[in-house]
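Student: Chains as they are written, first to last, in numbering that gives the first Met the number 0: chain U, 0 to 404; chain L, 0 to 404.
Since the hints were derived computationally from the structure, they do not count as laboratory data. Since the model is a prediction, treat every value here as computed from it, not as a measurement. Be careful, since some hints might not be right.
[Stated by the list, open to error] As a list, the in silico DSS-like pairs of lysine-lysine whose alpha-carbon atoms are at most 30 angstroms apart:
{"#": "1", "chain 1": "U", "residue 1": "K65", "chain 2": "L", "residue 2": "K183"}
{"#": "2", "chain 1": "L", "residue 1": "K65", "chain 2": "U", "residue 2": "K190"}
{"#": "3", "chain 1": "U", "residue 1": "K183", "chain 2": "L", "residue 2": "K388"}
{"#": "4", "chain 1": "U", "residue 1": "K24", "chain 2": "U", "residue 2": "K2"}
[Stated by the list, open to error] Just the calculated beta-carbon pair ranges, DEER-fashion:
{"#": "5", "chain 1": "U", "residue 1": "P153", "chain 2": "L", "residue 2": "E87", "range": "51 to 57 angstroms"}
{"#": "6", "chain 1": "U", "residue 1": "G391", "chain 2": "L", "residue 2": "K183", "range": "25 to 31 angstroms"}
{"#": "7", "chain 1": "U", "residue 1": "K37", "chain 2": "L", "residue 2": "R152", "range": "18 to 24 angstroms"}
{"#": "8", "chain 1": "U", "residue 1": "N71", "chain 2": "L", "residue 2": "R59", "range": "47 to 53 angstroms"}
{"#": "9", "chain 1": "L", "residue 1": "P153", "chain 2": "U", "residue 2": "E180", "range": "49 to 55 angstroms"}
[To be verified] From the structure, some residues in chain U lie toward chain L, with a derived Cβ separation under 10 angstroms:
{"#": "10", "residue": "T54"}
{"#": "11", "residue": "D58"}
{"#": "12", "residue": "I128"}
{"#": "13", "residue": "N129"}
{"#": "14", "residue": "M144"}
{"#": "15", "residue": "N146"}
{"#": "16", "residue": "C182"}
{"#": "17", "residue": "Y185"}
{"#": "18", "residue": "P189"}
Cβ atoms here follow ideal geometry from the backbone N, Cα and C, with glycine treated the same way.
2 protein chains.
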Amino acid sequence: MNKPKIVILGAGFGGITTAVKLQKKLSRNDAHITLVNKHDYHYQTTWLHENAAGTLHHDRTRIPVKDIVDTNKIDFVQDTVVEIKPDEKKVVLKNGELDYDYLVVGLGFEAATFGIPGIMENAFTINSINSARLIKQHIEYNFAMYNNEKEKRPERLNIIIGGGGFTGIEFAGEIANRVPELCKEYDIDPKDVRMIVLEGAPTILPGFDPQLIEYAMNSLEARGVEFKTGALLKECRVDGITYEKDEKQEDIPALTTIWAAGVRANSLIETSGLEHNRGKVPVQPDLRAPSHPDVFVVGDCALIMNEETGRPYPPTAQIAMQEAETIAHNLSALVHGKENLESFEFINRGSVASLGDSDAIGVIFGDKKIFGWTASFMKKMIDNRALFKIGGLGLVLKKGKFNIF
Amino acid sequence: MNKPKIVILGAGFGGITTAVKLQKKLSRNDAHITLVNKHDYHYQTTWLHENAAGTLHHDRTRIPVKDIVDTNKIDFVQDTVVEIKPDEKKVVLKNGELDYDYLVVGLGFEAATFGIPGIMENAFTINSINSARLIKQHIEYNFAMYNNEKEKRPERLNIIIGGGGFTGIEFAGEIANRVPELCKEYDIDPKDVRMIVLEGAPTILPGFDPQLIEYAMNSLEARGVEFKTGALLKECRVDGITYEKDEKQEDIPALTTIWAAGVRANSLIETSGLEHNRGKVPVQPDLRAPSHPDVFVVGDCALIMNEETGRPYPPTAQIAMQEAETIAHNLSALVHGKENLESFEFINRGSVASLGDSDAIGVIFGDKKIFGWTASFMKKMIDNRALFKIGGLGLVLKKGKFNIF
């Protein structure tokens with residue numbers, strides 16, 4: 000009898016958690032499991048804004064796959080997925096092809112630019128170790144350049160953050176803490192630096208509690224961050240941006256624009272032949288693709304409706320890791336010939352946005368608002384919990400955040 | 000009776016040593032001394048290649064003027080010299096003017112580009128804290144970019160060093176040590192990085208002992224540095240260079256070109272009306288300008304012939320600091336109404352070129368060749384001695400180099 004072949008695409012929060020859970024449930028004799036990832040490391044996507052600002056080294060954010068995955072039980076293939084062919088039960092990689100009996104798609108997100116001109120070419124996005132450390136270097140390079148030019152160029156010191164959602168605000172909190180250090184390093188007057196958050200909605204962090212939003216804005220404004228709400232980015236050039244507010248267009252010169260206003264699922268979904276809804280797979284309750292019951296979808300590529308609000312759950316690490324547990328359970332059931340698959344149910348453990356190393360805001364236990372040190376502590380515990388889920392206590396001790404006092 | 004006014008231009012090795020020596024010899028009642036410098040810090044020009052490579056933080060290389068100069072005895076003016084008017088006994092600054100009875104000109108060097116197209120615009124020079132830390136950031140930025148591009152661009156990882164003299168070779172030694180760290184930081188194969196020294200003469204370090212040159216080349220080649228001798232830089236573009244060797248021209252793509260092949264005295268000398276010889280003042284034995292006996296010239300702006308070789312002494316920190324001692328002595332004599340001024344005599348304490356943190360070559364005690372650990376140790380002692388001369392034991396303990404084992 001042939002062992003079933005399970006292929007997991009992506010070692011993000013969803014893919015790596017699926018792999019880690021599966022290696023506990025299945026032995027080499029049960030199934031042949033392959034994990035495919037572009038890099039030989041997993042990274043904590045939710046920490047990348049810290050690497051991008053330069054407040055945390057990127058090596059703290061990434062974890063070698065072989066440190067988490069038991070390579071006696073799971074084969075690891077470092078390669079890039081080029082195409083998913085669910086009708087042929089095949090995945091095309093850059094350097095090869097894989098057949099599967101069961102597939103788990105955890106290929107994450109891409110930036111969505113909504114057709115705004117110049118974003119692709121001129122803005123930075125916080126979506127990988129490579130892009131995050133480039134942002135850090137790009138900002139630092141411009142600060143280093145500033146005093147080398149006779150004619151001072153303010154655009155070297157202006158940092159535009161497109162989007163006042165979670166990522167934008169968390170990045171603003173980090174860069175606000177980093178700028179005074181950079182100014183000291185390069186003999187620059189902090190008053191010459193501008194950090195500007197552009198948000199199209201009437202408020203930052205739309206949907207968050209207004210009291211917490213007020214708290215966040217005060218915390219960031221005190222550290223020099225400016226907010227332009229109801230302001231739409233119209234164009235991003237290499238040396239500046241144009242935004243529209245109250246039907247008036249304004250330019251800001253800036254060599255650094257961080258685009259944090261939109262994400263979409265990996266575009267491979269759209270071209271895969273899997274049934275999809277605006278690029279995401281509207282998974283069944285058991286997290287299988289409706290069109291292909293041998294394909295599970297995890298994380299940012301899966302579309303799951305929140306019955307209470309009638310809107311899809313936003314893509315977060317929290318939901319991806321919970322989905323992975325359900326998928327691991329269901330895959331194990333299928334391999335063992337069981338018919339009853341578990342239905343996914345999201346347990347909302349709350350949501351905390353960091354505002355820098357020692358400040359944060361959030362909602363936990365359903366409706367309890369927290370902010371300041373309490374929230375910052377919670378945020379670090381959430382980060383540590385994610386590490387624990389993936390790599391146990393050893394990983395928490397190695398990469399965890401303990402700078403809590 | 001009016002106290003004589005002494006103005007010292009520049010806080011480089013020559014200017015700062017003059018100031019430090021003078022404050023020991025003269026009191027506030029003897030003379031009114033003013034030190035003018037562009038920045039509020041002195042820097043060890045001979046260490047800048049380490050800051051540029053990123054192997055030493057630039058704050059180790061610079062010293063606040065007020066930490067060395069006794070501001071009870073010497074006024075410090077942070078300003079840029081715009082013009083020297085020796086016939087009017089006046090110095091024009093960006094934000095003012097100063098009269099003097101005695102002037103010390105220690106305005107250092109500029110890059111000499113010999114009319115090679117593109118050097119001014121596209122090459123970096125190692126001549127200030129600002130330019131050195133920019134080089135560090137520029138190189139690191141390009142390494143950070145490398146893996147962010149689908150089409151890999153080798154010019155991001157190619158580093159051209161124009162000139163195999165002291166500065167070029169010392170920089171090569173540092174960057175050769177830094178590159179493996181950068182490769183680790185940005186997941187780059189060290190084999191993809193090129194460091195290329197271009198030297199017009201048939202050998203690097205022209206004039207140095209051939210055995211030591213051989214040693215230096217072996218040490219650097221073992222760490223990946225390539226040498227092209229008898230090779231003239233013909234053009235420097237923003238993304239590459241053209242050099243000529245054996246009457247054949249070759250291009251090398253490179254976003255980083257360090258120009259270390261030529262220096263000249265500060266161009267203010269030429270426009271000052273001081274008698275000069277190709278931009279330098281051919282000082283009298285007492286180090287006064289032949290055309291203006293109330294002007295002393297120290298360091299890179301002074302031309303002093305080596306009687307033994309019939310050629311001018313090269314501009315070094317060693318000779319600048321020795322000149323400063325003579326100038327301080329002679330100024331003090333003049334202020335005290337003495338007629339007999341001391342003649343400058345250069346005492347050659349040898350010459351050691353660093354090849355990175357733990358390797359060096361040099362000649363000391365006239366003709367003793369040293370290399371490897373011994374030379375590296377000597378180099379660090381030379382660096383520490385310069386600190387001692389300027390700021391005593393306190394400064395040595397604060398900024399000195401003790402990583403000698």
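Student: What hints, given by number in increasing order, does this structure fail?
Tutor: Hints 5, 9, 10, 16 and 18 are the ones this structure does not satisfy, whereas the remaining hints hold.
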